[in-house]
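*Asks:* Line by line, the protein sequences give chains A and B. Its first residue numbered 9, the first sequence is counted upward by one per residue in our numbering. Its first residue numbered 1226, the second sequence is counted upward by one per residue in our numbering.
Honestly, the hints are just simulated from the structure, not real lab data. Since this is a predicted model, take the numbers as computed values, not measurements. Keep in mind that the hints are not guaranteed to be accurate.
Partial pick of chain A residues on the chain B-facing surface, computed with a CB cut under 10 angstroms [to be verified]:
(1) Leu155
(2) Lys158
(3) Trp161
(4) Thr183
(5) Val269
(6) Ala273
Note that CB positions come from ideal geometry on N, CA and C, so glycine has one too.
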Amino acid sequence: MFYREAGQFSSNYKQDQAIFPIRQDRIGIFLILFVAFFVLPFAASEYFVSAILIPFLILSLAALGLNVLTGYAGQLSLGTGAFMAVGAFAAYKFATGVPDMPIIIVLLMGGLMAAGVGIMFGIPSMRIKGFYLAVATLAAQFFIEWLFVKVGWFTNYSASGVITAPPLAIGIPFTDIEFVFDTAVRKYLFTLSFVVVLALATKNLVRSHIGRGWMAVRDMDIAAEIIGFKPLNTKLSAFAVSSFLCGVAGALWAFVHLGTVEPEAFGINRSFSILFMIIIGGLGSILGAFIGAAFITLLPILLNSVPPLLGLNIAVDLIEHIQFMVFGALIIFFLIVEPHGLARLWSIGKEKLRTWPFPY
Amino acid sequence: MKLKHMFLSVIGAAVLAAPFTVPAPAAAEESLYLPNLVYRTGPFAPGGIPIANGFADYWNMINERDGGVRGVKVVTEECEFGYNTDRGVECYERTKNNHNGALVYHPISTGVTYAIADRSPKDKIPVISMGYGRSDAGDGTVFPYVFPLVATYWGQATALIKYIGDQEGGMDALKGQKIALVYLDIAYGKEPIPFLEVMAKKYGFELQTYPVSFPGIEQKATWLRIRRAKPDYVLMWGWGVMNQAAIKEAANINFPRDKFIGNWWSGAEQDTVPAGAAAKGYKSAALNESGTDFPVIQDIMTNVYAKGNGTNEKNVGQVLYNRSLAMQILTHEAILTAMDKFGDGPITSEQLRWGIENLNMTEDRAKAHGALGIVPIVKVSCENHIGVGGGVKIQQWNGSSWEIVSDWIKPINEIIAPEVKKSAAKYLADSGISRTACE
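Produce the entire structure from the sequences given, and follow the hints as far as they go.
*Replies:* Here it is, written out as structure tokens:
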């Protein structure tokens, strides 16, 4: 009754090609952004902002990156953690090597370096596909993690191999004033701005010529080649964009969330958990990356806090074990009822809403 | 069909609404609140459990025996993080404001220590990382809120070389010796290498390094190489399952176990018992004695276990359990020190920070706690957060228990001190903070 596009007409191509052609969607997105930018920072507790929202946003960005590669371009990758590590360590090297570089540029440079490394490890995708490619990217994962532990230059020869991120300070142009993102709320807004801009950019990218090329390659690469997409450019651009997003996410993880990072923080477990995020959230969907990240990062924390909420006094290890079981069962449950991920559930829901209350 | 979708949407909504239901901080009352970050699950649980149990039992005993610290009840709360840095940070954020604010954190994880060290100055909560964590945090002017009490990895590396020197009859005898380091190939395992290299140059021994890839179950190839290289001594920087595998492999190549020395995270019952007879004679560094023959442990037995409130009697007296007691007794003493200055009653985390900074654990105080032999004798100051007087002992596994076979070995300070200064200065430059002055 409320969610239907009846009566909304596009009178030109621009309207027809808008990201959100339906008015209700636009209102919804504006509401979500309004709440995220103006309500949550003031209403939510410091714990909620700094321990839940910030890691959720950063991992969403990483999941978005992997979704470009795996969901849109169909290239299975297990190297997400490695590309995040490249972003984090490259940003660190830029920040310490060129201290005058503005922090936003530093983070973007981290992403660009990751994109370069991603292209290099994407080259095998010309020849190998599917699970074999996954193994090739697994090599990237192990090699890069090993490299950062092995070569002292990347950590500025820190004995423990752990880097400390410089403060997040932005100089305001034409003044000497520096704005430092030091509180939880400020860090949150900083992260949110990054994630919103990059998510919008990615959304537009997948609607463009490039994104259509990715999907064509995903669906059938020979057919894509015949209709004029060069496999080399298409696949490598997917690797580049994906690694860029992962690299920025890694840099944000080091600079904004932890403030310090060791190579193990971007180990194989990180790669797997991000892969699970997009599988559960929905392959080939921007929304899916966010829902998947929410599912994988937030649900364990929720499950852990349920027994104390109910006033049950259970040992923490038992809670943790119960959480593992419930979490595993939920993953299986969701994959059975909706193999296309939670984002698909949402679009089914939208279809139902359109015809509600008179379904046909 | 409809029911299914309704069910799905309910669960979906619950997932999305999940973060909004996080419990509010518990009601405030007069108490000392000590959160306990534990890992009773995950790959390092065998080491995490005795440490968590020691924490719980000690404060349980203090509440039962003394009614708290000078009449103020101690409230502890466990938060499970499975040795996962992200979850550890989440635990820190979740617990730090409960019960009028957390007093101190013992992260028992190098990754979490690094991450919290960055946050704790803002929250003004001290972090005690006894025997792990940032080795450069000994510089109290750079890390006012971090206390790597007693000894760091760097100090330990020098102490182990000193011990080998003693065994050979003086540091000069090290010339021409071959010393190998078997280490877990992550940041933690690599920490001693720069110091061992410096000492190799200084004392003229040859250093061989053997990385073992994480988690270290498979070490056959490594030990074959060691057999060929024939080192005189093997040092080990391992943790978790790697330790027992290494001990078994050392037995396979018949390397003399009494010349195989682990660091203090490679020397617990959890490492030697699974290795069986192979472990007999194996040595490791220790921060404390093990066994139950101490008044403080007897008090735990009568006040906690006899009343059925204990965690796990099997752990009592184990190396890691007693180390956990040592950490808590130092915390206890710091609380008392802070109360001496700020008055008996609930103290704040900042007052406790002062207490740790002025901590002076003498033999008399250790006796008063009933823990002479468990708790290290150490005096902390504002500049020196490691403290003067700490050191390590060497213990040897006799097939059924650990025996202390050396006196306190002090780290070689002239090698470590300049590195601590240098590394701390680098942290200062990287993080853009300024030095805290010491009055």
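*Asks:* Next, verify each hint and record whether it holds.
*Replies:* Now for the hints, and whether the structure bears them out:
{"no.": "1", "hint": "Leu155", "verdict": "violated (12 angstroms)"}
{"no.": "2", "hint": "Lys158", "verdict": "holds (9 angstroms)"}
{"no.": "3", "hint": "Trp161", "verdict": "violated (14 angstroms)"}
{"no.": "4", "hint": "Thr183", "verdict": "violated (19 angstroms)"}
{"no.": "5", "hint": "Val269", "verdict": "holds (8 angstroms)"}
{"no.": "6", "hint": "Ala273", "verdict": "holds (6 angstroms)"}
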